[in-house]
Structures are given as structure tokens and as C-alpha cells.
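Chemist: One letter stands for each residue in the lines below.
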Amino acid sequence: MAGALLFRLRALVALVVLLAVFSILSPAFLTAGNLTILLKHVAINAIMAVGMTFVILSGGIDLSVGSVAGLAGMVAGGLIDRGLVLPMFGVVVYFQIWLVILIALAAGAVVGTVNGLLVARLSVAPFIATLGTMYAGRGAALLLSSGATFPNLLGRPDLGNTGFLYLGSGTVLGVPFPIWLMLLFGVAGAFLAARTPFGRHVYAVGGNERAAQLSGVRVKRIQLQVYVISGVCSAVVGLIIASQLASAHPATGQSFELNAIAAVVLGGTSLMGGRGSIGGTIIGALVIGALADGLVLLGVSEFWQIVIKGIVIIVAVVLDQLQRRLQWQPSKA
Amino acid sequence: MTPDVVLAATAVVKQYPGTTALDGVDFAVRRGQVSALIGENGAGKSTLMRILAGVEQPTSGTLELDGRPVRLASPRDAAARGIAMIHQELNLLPNLSVADNIFLGRELARYGILERNAQERQTRDLMARLEQPIDPRILVGALPLGYQQIVEIAKAIAQDVRILIMDEPTSALSAAEIGVLFRLIRDLKSRGVAIVYISHRLEEVLAIGDHVTVLRDGRAVAEAAADAVDVAWIVEKMTGRTAAAGVPSGPHAEPAGAGPPTLSVEGLEVGQAVPPALHGVSFTARAGEILGFYGLMGAGRTELFEALIGLRRVRQGSIACQGRALAHLGIPERIHAGLALVPEERRAAGIVPTQSVRENIALAQTHGLYLSPAAERRSAAEFVRDLNIRAASLEQPITSLSGGNQQKVVLSRFLLTSPKVLLLDEPTRGVDVGARAEIYTIIRRLAAGGMTVLFASSELQEILTLATRILVMAEGRITAEFAAAEATEHALVAASAPAMAALNGGD
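Top line first, the protein sequences correspond to chains A and B. Position one of the first sequence corresponds to residue 1 (the numbering used here), numbered consecutively onward. Position one of the second sequence corresponds to residue 334 (the numbering used here), numbered consecutively onward.
If you are wondering where the hints come from, they were derived from the structure by calculation, not from laboratory data. Hints should not be assumed to be uniformly reliable.
Computed, partial: chain A to chain B, Cβ under 10 Å [as the list claims (entries may be wrong)]:
| # | residue |
| --- | --- |
| 1 | 24 |
| 2 | 82 |
| 3 | 155 |
| 4 | 157 |
| 5 | 160 |
| 6 | 162 |
| 7 | 194 |
| 8 | 203 |
| 9 | 206 |
| 10 | 207 |
| 11 | 218 |
| 12 | 273 |
| 13 | 277 |
| 14 | 304 |
Estimated spans, in silico, between C-beta atoms of each pair [as the list claims (entries may be wrong)]:
| # | chain 1 | residue 1 | chain 2 | residue 2 | range |
| --- | --- | --- | --- | --- | --- |
| 15 | A | 16 | B | 440 | 51 to 61 Å |
| 16 | A | 7 | B | 475 | 45 to 55 Å |
| 17 | A | 102 | B | 661 | 51 to 61 Å |
Here are some, though not all, of the chain B residues that point toward chain A, as calculated from beta-carbon distances under 8 Å [to be verified]:
| # | residue |
| --- | --- |
| 18 | 517 |
| 19 | 518 |
| 20 | 661 |
| 21 | 674 |
The structure presented is a predicted model; accordingly, all values stated were derived computationally and were not measured. Every residue, glycine too, gets a C-beta built ideally from N, C-alpha and C.
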């Protein structure tokens with residue numbers, strides 16, 4: 001049935017409708033320039049939401065993603081701007097950019113590992129575990145600079161650490177690098193979720209942990225891995241933002257976790273775990289991005305934008321519940 | 334009808350779609366006496382009890398309370414008439430105090446403010462009357478199980494109960510706690526409370542009961558005064574066969590044609606509690622055998638299977654599959670070594686409800702770097718055909734299948750791992766009659782192909798029909814072993830009865 005199919009693909013339908021409505025109401029909407037800005041914004045949320053999707057599919061939640069983005073940006077910023085100070089040797093070490101990026105990503109992986117160990121090994125509720133690391137991570141980001149901004153991430157040619165800005169501002173084939181990164185994470189994430197045993201195991205753990213365990217799935221390992229993925233995705237986001245601003249600010253990424261969760265939920269992933277998709281999450285992020293961009297172009301007040309975003313999220317979840325109920329019917333018949 | 338009878342069920346019939354649970358049962362509950370109800374699983378005890386407590390309505394037949402016909406529309410209605418039921422799983426809130434629990438739903442309040450002190454005072458008086466040293470302010474969760482049971486009874490008494498129905502009240506109690514419970518029951522009797530007592534523990538029933546009624550296949554087949562009968566009489570009535578002289582013991586009788594040993598378990602100890610979940614369990618299983626584990630609820634069958642697959646830590650002892658020691662390996666390694674467990678609780682531990690039939694079948698076989706949906710479809714289709722799984726499509730949600738077909742899907746999942754030893758915990762629970770026969774056929778076919786099948790069941794008929802060899806468990810131990818040919822219902826029931834040490838220790 002076409003109606004049922006459209007209902008199932010409602011996030012996509014909503015996206016198409018939004019794009020149509022905004023392009024009719026505002027001639028500036030459907031221009032290459034505006035769409036590029038829109039996608040650059042979406043990329044930041046989408047990459048973070050890809051990691052979040054794995055965590056939520058496994059039955060968890062990750063509130064620490066915003067803090068991890070902030071921390072990763074500060075780690076990279078500090079290493080480029082100030083270098084690594086080693087007082088006992090009286091030297092300051094500057095790294096090449098690829099190494100800086102690797103270290104910042106490792107910082108994200110470390111926070112993810114802590115989250116995973118807390119959840120899988122110590123059975124701390126994911127909400128609480130990641131609430132704790134959200135605070136700790138933000139504190140660590142502030143500690144790195146005593147709360148200040150690292151203002152200059154250009155790097156110095158004599159130190160061989162230039163080029164960081166390319167990550168956020170560079171283009172390939174005329175398309176900004178962050179958009180390519182979103183594409184890469186979306187495709188890789190979708191493949192990982194749908195086509196690998198790892199992905200299947202994530203779904204199984206979220207669907208029925210005990211059944212998965214009895215079937216030989218290493219449940220604790222899966223739980224650890226999803227948080228590491230989420231941590232690395234968030235670190236990538238932190239690096240993109242720092243690169244775009246050419247500076248690292250410790251408050252970067254505050255409340256980003258809510259945007260990421262909103263994208264995941266809008267994309268049809270169940271907060272109970274076990275149900276959803278990476279493709280849905282990308283569409284969810286696009287819906288949020290298109291909504292924000294279009295409303296700005298239409299001159300809708302910033303405060304109304306927030307209200308509308310909230311309503312859209314609630315409607316999405318209500319529709320999801322409706323679908324669940326419709327699905328239950330045939331099993332009873 | 335004697336004046337003693339307070340509640341009488343006459344010619345009660347209860348039909349469910351497809352089965353008759355009760356088929357014209359007469360049952361009388363007498364004032365100041367313990368009326369014991371005995372029978373195998375599925376004999377109709379719970380159904381009768383639920384009818385007496387107003388949970389269910391009989392299809393036909395009458396209930397009389399104090400000589401007048403009565404219709405118990407709901408548990409609330411029954412409670413209003415002084416009938417209360419204490420379930421096997423207690424209905425208490427562990428996070429509230431004893432007094433809060435006893436007054437739950439009928440709190441004492443003035444101007445909308447809870448009168449804690451009055452509740453605690455009344456609870457203290459009640460406990461004094463029952464001669465139970467329980468502080469009304471203590472949290473129920475902090476009490477030992479036996480005392481929680483007493484709180485449950487006190488809750489019923491606080492509501493002026495005249496008829497108290499107790500379902501397996503001692504199944505989770507220690508010997509000392511049973512003593513306390515029995516003292517309380519005798520005290521209630523002396524106050525004129527009528528008690529319906531359901532238990533699998535036959536000696537216990539004879540010790541506390543005044544009247545014994547035996548149910549079999551939905552009929553009350555025998556009734557007698559408790560002091561006029563013995564365990565052998567009860568077993569005979571329960572199983573419908575004359576008790577053979579003694580228990581056939583015949584240890585280590587291998588059926589002809591059994592292959593080489595595949596699984597050997599030696600001195601298995603599991604659990605820290607006293608008594609432990611498993612104690613000194615040893616046995617060997619051979620290729621081609623269908624080894625049946627019989628026992629009552631809590632006998633340790635599920636614990637044994639969970640220990641074999643690696644869900645429970647083995648404290649002592651060894652498990653070996655084809656010579657490979659498994660006791661300290663994880664679940665994936667044990668599956669790789671050739672073990673697989675189809676769990677008892679299909680919903681909680683068997684199916685992944687969010688996934689399709691295909692994904693559920695493939696779950697235990699997803700290794701490597703990437704999935705091949707095509708290969709998954711092929712092997713799933715093969716099992717759907719082989720095991721006659723009725724599904725319109727491989728992609729339909731598992732939850733849209735019937736219980737029997739869900740069970741076959743879970744079975745397929747583990748057959749796909751090519752197990753040498755297949756563990757089936759209650760393989761036909763919640764499965765309709767047709768699918769049950771099919772599952773039996775599948776199990777026999779697997780064993781004929783050289784697989785070792787271990788299955789646990791609390792249904793005598795299933796054990797006797799399916800097993801080529803039978804091990805009986807009680808209280809975490811193996812208490813008897815029978816070759817299929819020499820096993821009788823009587824012998825299995827006798828061997829499965831828990832020892833009743835210190836039964837009368839409370840007196």
C-alpha cells in the first residue's frame with residue numbers, strides 16, 4: 001500500500017515537504033549557496049548523531065557527546081597553539097597536524113571507553129554514566145586552558161603544523177570538506193549497522209540482551225564499542241568546529257547531545273533500542289537543519305524556532321507510537 | 334453437607350479454547366481445617382484455586398459460601414467475602430514498610446493525611462496476636478523470605494479473612510521458616526480460619542493437611558483424611574497407577590545403540606546460597622541419546638542448563654564436551670565447542686522481538702566481517718522448510734508468529750551452529766498440541782542423526798514420551814536415574830520430592 005509506505009518513510013516525506021514549502025516561500029532557499037550553508041550545519045549534527053544511533057540501537061544513550069566535542073577541540077587547539085609542554089625536559093613539542101587529529105580522536109575514544117566500561121562492566125545506567133562523563137569532560141576541557149580560548153589554530157610553517165583549517169573550511173570538487181565527512185560517516189555507519197555482524201549484534205543487544213548473550217553475542221564488548229564509536233564521532237565534530245572557527249573554545253558543543261538525540265528519534269530509531277537505522281538518522285538531521293535554515297530565511301523569530309523544533313520532535317515520537325500500535329494489530333489477528 | 338463446610342465447589346467445569354482444565358470437580362473447604370490440594374503440573378490445581386479466589390469464572394458448576402450459592406465476580410469481590418489468596422510470588426512492595434504494606438490500598442487517614450502512628454500501632458497489635466516478632470516500621474525488602482510470607486498472611490488476616498488459599502507457600506522457604514509458617518497455620522486453624530493448601534511436597538502436605546484432595550487431568554480422583562493415607566497412596570492417585578514395589582534405581586543403564594560420550598559433567602557446584610543451586614551434579618551423555626531431566630520447579634534443572642552453557646559461574650567441578658574442558662570458557666566459546674541452549678523463557682531470553690524471522694534464525698551464526706543477507710535467506714529458508722515453520726515471509730517480525738513457530742525459529746538458530754550437544758529447557762512450554770508433536774519428531778530426528786539432546790521438563794508425560802534416559806533432580810542434586818524402559822510415573826514423582834528435613838522442626 002502506497003499510504004502505508006509513505007507513512008513508514010514519513011521522515012523523508014517531511015523532509016521533501018519542508019524543502020518544497022521553503023523553496024516556494026523563500027526564493028533564497030533553493031540556491032547553491034544556501035544549501036551549502038545548510039549542509040555544513042547539518043554535517044556537525046549528523047556526524048554526532050551517527051555515533052549516537054549506535055548507542056541508542058544498543059539500548060543505551062550518550063549524554064557526553066557535546067562535552068567530548070568540546071574536549072577534542074581543546075586538545076587539538078592546545079597542541080597547535082601552545083604545543084605539548086614537557087617541563088621536566090624544558091621543551092615544548094609541536095606535532096604535525098595528522099598526529100594532532102589522531103590524539104584528539106583518541107581523547108574522544110578514551111571518554112567513550114570510560115562510558116562503555118561504566119555501562120558494560122559496572123552496570124551503571126547509561127543515562128547516569130554519561131551524565132557524569134558529560135560534566136567531567138566539560139570540566140577537563142575548561143582545565144586545559146583554565147577556561148580561556150585557544151585563539152590561533154593557523155599553525156606556523158616553521159613548526160610544520162599548518163593545515164588544520166582545511167578540515168572545516170577546505171573543499172573538494174567545490175563541496176566543503178565537512179559535507180564529505182558527513183557522507184563518509186553516513187555511508188560507513190549505514191554499512192556497519194546493516195551489513196556487518198557487529199551491526200547485527202548491536203541491534204540484537206538492544207532488542208533482547210539475554211537472547212543475544214545466549215546466542216554467543218559478546219554483549220559487554222558490543223556495549224563498549226558503541227560508546228567508543230560515539231566518542232570518536234563526537235571528537236570529529238569538535239575538530240570540525242575548531243577548524244571552522246580557527247580557534248578552540250571550551251564551551252563548544254554545549255547541548256549538542258539534545259540535537260543529536262532529536263535527529264536519531266526523528267529518524268525513527270526507538271529509544272528502547274533494537275529498532276532504527278543510520279539512514280533515518282541522517283534524514284532526521286536534515287529535517288532539523290532544513291527547519292532551522294528555512295525558518296531563519298522566513299524571518300521567524302529565534303524563540304518560535306525553538307518552540308517549533310520541540311513540537312516536531314513530539315509529533316515524530318507520537319507518530320512512531322502510532323506505527324508501533326498499527327504493527328501490533330496483524331499479530332493478534 | 335456438613336456444617337463445617339464454609340466454601341464448596343460442586344461439579345465445577347472450566348474450559349479454555351482447546352482444553353478442559355477442570356472436568357466436574359467437587360471440592361470442599363472446611364472451617365478450622367487445612368484442605369490440601371495435590372496434583373501434577375497441569376492437573377488443574379491452579380485453575381481451581383483461581384476460581385475459588387474469584388480470579389476466573391467456572392464454565393459451569395456452582396460455588397456455595399456458607400451454604401448459599403455465590404458468584405465471585407473478581408478477586409476484590411472474593412476478598413469482600415473473606416476469601417484471600419497468597420500467590421507463590423509474593424505481592425508485597427519491598428520498598429515500603431511492613432505497616433505500609435498491610436494497609437496498602439486502605440490506608441488510615443484523617444483530613445487526607447496518613448496516620449502512620451495508628452497504622453503502626455494496629456500492625457504491632459496484629460503481629461503480637463500472631464506471635465510474630467516483626468517490627469511494623471522495617472522495610473519488607475529487608476525481611477527474610479519466610480517473614481515476608483508471614484507479612485502477606487498478616488495482610489490477609491488484617492482484612493478479616495475466613496478462607497485463606499496458599500499456593501506453594503513453602504517453595505522458597507528454608508526449613509526453619511517452614512516451621513514458623515506451620516506454627517502460624519496451626520494458630521489460624523484454631524481461630525477457625527479455613528485454609529486451602531497447595532504444594533508439591535507430599536510429606537509436607539501430610540504433615541500440615543487435614544484433608545487431602547488429589548487432582549488428575551482436571552478431575553478430583555481421590556479424597557481422604559490426611560492421617561489415613563501416606564505418600565505412596567498420594568503418588569498412586571496422582572499418577573493413576575498402582576505403586577510398584579520400591580523405586581527402580583537402575584543406575585547407568587545406557588540404551589542400546591547409544592554412541593560415544595559427548596558431554597561429561599563431574600561434581601558440578603553452582604551458587605553461593607545454602608543450599609546451593611547445584612550440588613555435586615555428575616552425569617555423562619552420549620551421542621544419539623535424548624536425556625530427560627525431570628524435577629519440580631526450583632529443582633535445579635534450569636540452573637544446570639544455564640551452568641552448562643556458561644550463564645552461571647561454576648564454583649567447582651568440570652564440564653567437558655568431547656574431551657574439551659568448558660567450565661571456564663565464555664558462552665561464545667562453548668557454542669563453538671558444540672553446546673547450545675534453547676532457553677525456557679522464550680520471550681525473555683529466546684526471541685529478539687525487534688527482528689525478523691531471518692535475523693532471528695541467523696543470530697548465533699553472525700561472524701566475520703560482513704553479513705550476507707542472501708546466505709542468511711538461504712539457510713533460513715532451509716530451516717523454515719525442514720522444521721515446517723509457518724511464516725508467510727522470512728522478513729516478517731518474529732512476534733507475528735505463534736508460540737510454537739517462534740520456538741522452532743529459536744531452535745533453528747541454534748541448530749545452525751551445528752551443536753553436538755543440544756540443551757532444551759522446557760521445549761514445549763506455551764506451545765500448542767500440534768506444534769508439540771512436531772517438536773518431538775524434530776528432537777528424535779536430531780538424536781537419530783547422532784546429536785546428544787538434553788531436555789528439562791516438569792511434565793511427566795513429556796519426559797516419558799521423549800527421553801531415552803531420565804535423570805531426576807531435586808534441590809539441586811540428581812536423585813535418581815532411569816532407563817526409559819524402567820521409568821514409571823510413580824518412581825519419577827517419588828524421586829523428585831524434596832527431602833523434608835526438619836519439617837516439624839518448628840514444633
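Chemist: Evaluate each hint against the coordinates.
Modeler: Comparing the hints with the structure gives:
Because the closest C-beta pair between residue 24(A) and chain B is about 38 Å apart, greater than 10 Å, the hint is violated. A distance limit of 10 Å between C-beta atoms decides the matter here; for residue 82(A) the minimum to chain B is near 41 Å, and the interface restraint is violated. For residue 155(A), the shortest C-beta to C-beta distance to chain B is roughly 38 Å, which exceeds 10 Å, and the interface hint is violated. Annotation: residue 157(A) was flagged as interfacial toward chain B, and the flag is violated, the nearest CB pair being 42 Å apart, outside 10 Å.
A distance limit of 10 Å between C-beta atoms decides the matter here; for residue 160(A) the minimum to chain B is near 37 Å, and the interface restraint is violated. Hint on residue 162(A) is violated. Least Cβ distance to chain B is approximately 37 Å, over the 10 Å limit. With its C-beta approaching chain B no nearer than about 8 Å, residue 194(A) sits inside the 10 Å limit, and its interface hint holds. About 7 Å separates the beta-carbon of residue 203(A) from the nearest beta-carbon of chain B, less than 10 Å, and the hint is met.
For residue 206(A), the interface hint holds, since its Cβ comes within 10 Å of a Cβ in chain B; the closest pair sits about 7 Å apart. The beta carbon of residue 207(A) comes within 4 Å of a beta carbon in chain B, closer than 10 Å, and the hint placing it at the interface holds. Interface hint status for residue 218(A): upheld, as the beta-carbon distance to the closest one in chain B is roughly 6 Å, under 10 Å. Evaluation of the residue 273(A) hint against chain B yields a held restraint, the C-beta minimum of about 8 Å falling below 10 Å.
Look at residue 277(A): its Cβ only gets to about 12 Å from chain B, farther than 10 Å, so that hint breaks. This hint is violated: residue 304(A) has a C-beta 37 Å from the nearest C-beta of chain B, more than the 10 Å allowed. Residue 16(A) and residue 440(B) have their C-beta atoms about 56 Å apart, which keeps the hinted 51 to 61 Å range intact. A hinted range of 45 to 55 Å for the beta carbons of residue 7(A) and residue 475(B) is consistent with their spacing of about 51 Å.
Judged by the Cβ atoms, the range 51 to 61 Å given for residue 102(A) and residue 661(B) is violated: they are separated by roughly 38 Å. Interface restraint check: residue 517(B) against chain A, minimum CB-CB distance 38 Å, threshold 8 Å, status violated. For the restraint placing residue 518(B) at the interface with chain A, the shortest Cβ-Cβ distance is roughly 38 Å, beyond the 8 Å limit, so the hint is violated. Proximity of residue 661(B) to chain A is violated relative to the hint, the smallest CB-CB distance being about 16 Å (cut-off 8 Å).
Using the Cβ-Cβ criterion of 8 Å, the hint placing residue 674(B) at the interface with chain A is satisfied: the shortest such distance is roughly 6 Å.
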